[in-house]
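> Residue numbers for the first sequence follow the working numbering, beginning at 6 and rising by one.
A couple of the hints might just be wrong.
Unchecked claim - Restricting the straight-line Cα-Cα distance to at most 20 Å, the calculated cross-link-like pairs of lysine to any residue (SDA-like) are:
1) Lys373 / Ile417
2) Lys340 / Thr287
3) Lys563 / Arg492
4) Lys440 / Lys400
5) Lys373 / Gly404
6) Lys89 / Tyr212
7) Lys32 / Pro107
8) Lys400 / Ala534
9) Lys510 / His288
10) Lys143 / Arg159
11) Lys143 / Asp180
12) Lys501 / Lys490
13) Lys143 / Asn195
14) Lys28 / Gly264
15) Lys400 / Pro388
16) Lys303 / Pro508
17) Lys340 / Glu419
18) Lys550 / Ile336
19) Lys177 / Thr138
20) Lys143 / Pro107
21) Lys293 / Lys97
22) Lys32 / Thr138
23) Lys490 / Lys440
24) Lys475 / Glu419
25) Lys151 / Gln301
26) Lys303 / Tyr514
27) Lys473 / Gly554
28) Lys340 / Arg283
As the list claims (entries may be wrong) - Estimated spans, in silico, between C-beta atoms of each pair:
29) Gly337 / Ser92: 20 to 26 Å
30) Ala129 / Pro152: 45 to 51 Å
31) Pro391 / Ser92: 51 to 57 Å
32) Gln139 / Glu165: 18 to 24 Å
33) Glu344 / Gly176: 46 to 52 Å
34) Pro152 / Gly215: 31 to 37 Å
35) Pro152 / Ala25: 39 to 45 Å
36) Arg521 / Lys475: 40 to 46 Å
37) Gln298 / Lys440: 37 to 43 Å
38) Ser343 / Glu165: 47 to 53 Å
39) Glu106 / Gly215: 15 to 21 Å
40) Arg544 / Gly22: 38 to 44 Å
Because the hints were derived from the structure by calculation, they are not lab data.
The beta-carbon is built from N, C-alpha and C at its ideal position, and this holds for glycine as well.
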Amino acid sequence: MNESDTSRHFLRQWIEGDVAAGKTGGKVVTRFPPEPNGYIHIGHAKAICVDFGMAELFGGDCHLRMDDTNPAKESDEYAENIKKDISWLGFKWSGEGDGKEPGFYNASNMFDKMYEIAENLIRAGQAYCCNLTQEEWKAYRGVPEKPGVPSPRRDTPPEENLRIFREMRDGKYADGEWCLRAKIDMASPNIHFRDPVIYRIRHVSHYHLGDKWCVYPMYDFAHPIEDALEGVTHSMCTLEFEVHRPLYDWVVDRLDEMGLLVERGGVKIRPQQREFARLNLTHTVMSKRLLLQMVQTKVVDGWDDPRMPTVCGMRRRGFTPGAIREFCERIGVSKTESESDPALLEWCVREELNKTATRRMAVLDPVKVVVDNFVGSREIELPDNPLDEGAGTRKMVFGREIWIDRADFMEIPEKKFFRMAPGQEVRLRGACIFKCTGCIKDESGKVVEIHGTWDEQSWGGNAVDGRKVKGTLHWVDAATGVPVKARLYESLFSEKNPLKDGPEKFLDYLNPGSVREVSGFAEPALADAKPGERFQFERTGYFVKDRDGAFNRTVTLKDSYKPA
RNA sequence: UGCCUCGUGGUGUAAUGGUAGCACCGCAGAUUCUGAUUCUGCUUGUUGGGGUUCGAGUCCCUGCGAGGCAACCA
């Protein structure tokens, strides 16, 4: 990927303008700020590509910051797995860092500073403690169409607010008894300006800081502080935060007044927020809550179930980091809410795997073929990847009895069926030309054995008289083949939009055929495969070996054969 | 019926007042020891109505449609 290939989307133009205007002090700094309360999914991958990608493009830094301001839902397990997944995607956080690890930050490491800033706000008469209940607060705030009503505590003198705020911090009050609110504008048409809560009491232990605090800052207060103190220049997030931007700017203004903006290259760094559309994919759900629900109710095997849109699930499914990044590049960045087609993702993974995946023959729905006039066994050698001469070759044996896929045989072939059928010639890949003479069926009419003869002149695969054979089949030698298990995956949901009847109903649209376990036979070379290794099963699809030894189907090969 | 945002082929995205282009999907053909890959070609689009302009997808007005905002979540 070179620079001119990436689209000059609006965020890129925005940053270019700021760089040209000298606003960055010589370095573009972005951040990816996940809350460690779940596993990251393909939607986050898009954001990661944007955040890390823009930093990379402009030669700057992208911080990885755990936005851990709500201890109730967060855990170290999530934080660690988020780091693992981002690394796997191929991104490296950089910058100073707030501890030992460069580029890595925890919002919680700024709690001291945030608390101090909150006290400053109180002293300046820009924040006050409020003891309205949540229900009251809701009523006072009003609705977007009508102005709100001020809290009775709105004009409390700073000294008293300071005393109460400290008592909040010191654990004198229960959760929800008091909170700290910014004093802005109860009549604003923007709800977020109606004296938003910026600190709340939570007697919950923090996964990172333990019981050090019982008051925690709210997102709208914490985020701009985190960005500003880290020297972030460009803070990119999803569309739903657009209405929060004025509040973000309000907080940055206060920091500016307090002289807390960092300086770089003689320039005061004012972080700015911009919003872009999140990624939506048809036939899937992306909400962390709904994914968690599927995990907890065991609709799927876990966060890394290969049907999940999580990064770890896609990894187990066999997707490559490159394919995911290519996909994120190709869907682009805009403010238009849209639903991308998973077909593009599949195209991206085929595109990469076609060039890189080792070829193997595997028969996953086997039926036996007997080559009646064949005696003994012969060895053949096939390239590991015909598209890559450096990939090497592997050997295998062809014998009198082989397996082919049931779908490659028809007793009464339909028009344009180029595969095996009585009287019809096919090529057995790498071996010879074979002519079917008939088949044996059981009482139920199921084909149990196919018979035929080989053309001894065609060893290697080509006829000496130059006649063309339209169909080439993959096969596995019955004597030397090894048993394989595979899981054939399809989309988790059968409905384009599983949420069309609301989030309560989305499970109604689960695809009952989203996974099918099959077993069959494969050429011996596949027995050496290691977990995580990717293969193309010829004429079938791309597969990756899972930790239990089975092969997960990443995606099928494109198939333009249409039964008549 | 408050404020904000967004409407370009089936899908995603370009065109920044000057020939509506690219990719995916789909369809057709060529090549092929993977009905894959590769190659060629094709179908399909600016939300309606006004206005400004020599010229509007782009600027203005006005409809229509979609979404966001009323957690002490992020």
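> Taking only the CA atoms, is the gap from Lys440 to Lys400 under or equal to 20 Å?
Violated, at about 24 Å.
> Please verify whether Lys400 and Ala534 have alpha carbons no more than 20 Å apart.
Roughly 15 Å separates the two Cα atoms, so the pair holds.
> Tell me if the straight-line CA distance from Lys340 to Thr287 falls inside 20 Å.
Satisfied, since the Cα-Cα distance of roughly 18 Å is no more than 20 Å.
> Okay, Arg521 versus Lys475 on CB: inside 40 to 46 Å?
Violated, at about 29 Å.
> Is it true that the CA of Lys143 sits at most 20 Å from the CA of Pro107?
The hint is violated at about 42 Å.
> Take a look at whether the Cβ-Cβ distance between Pro152 and Gly215 falls inside 31 to 37 Å.
violated (42 Å)
> Given the hint that Lys28 pairs with Gly264, test it: the Cα-Cα distance must not exceed 20 Å.
holds (17 Å)
> Taking 20 Å as the top limit, are the C-alpha atoms of Lys473 and Gly554 close enough?
violated (39 Å)
> Holds or violated: Lys340 with Arg283, Cα cutoff 20 Å?
This hinted pair holds, its Cα atoms lying about 9 Å apart.
> Just tell me: holds or violated, for the beta carbon distance of Gln298 and Lys440 against 37 to 43 Å?
violated (56 Å)
> Does the alpha-carbon distance linking Lys490 and Lys440 stay inside the 20 Å limit?
violated (30 Å)
> CB of Pro152 to CB of Ala25, is that within 39 to 45 Å?
Cβ of Pro152 to Cβ of Ala25: about 41 Å, so the range 39 to 45 Å holds.
In this structure, the hints that do not hold are numbers 4, 12, 17, 18, 20, 21, 22, 23, 25, 27, 30, 31, 34, 36, 37 and 40, in rising order.
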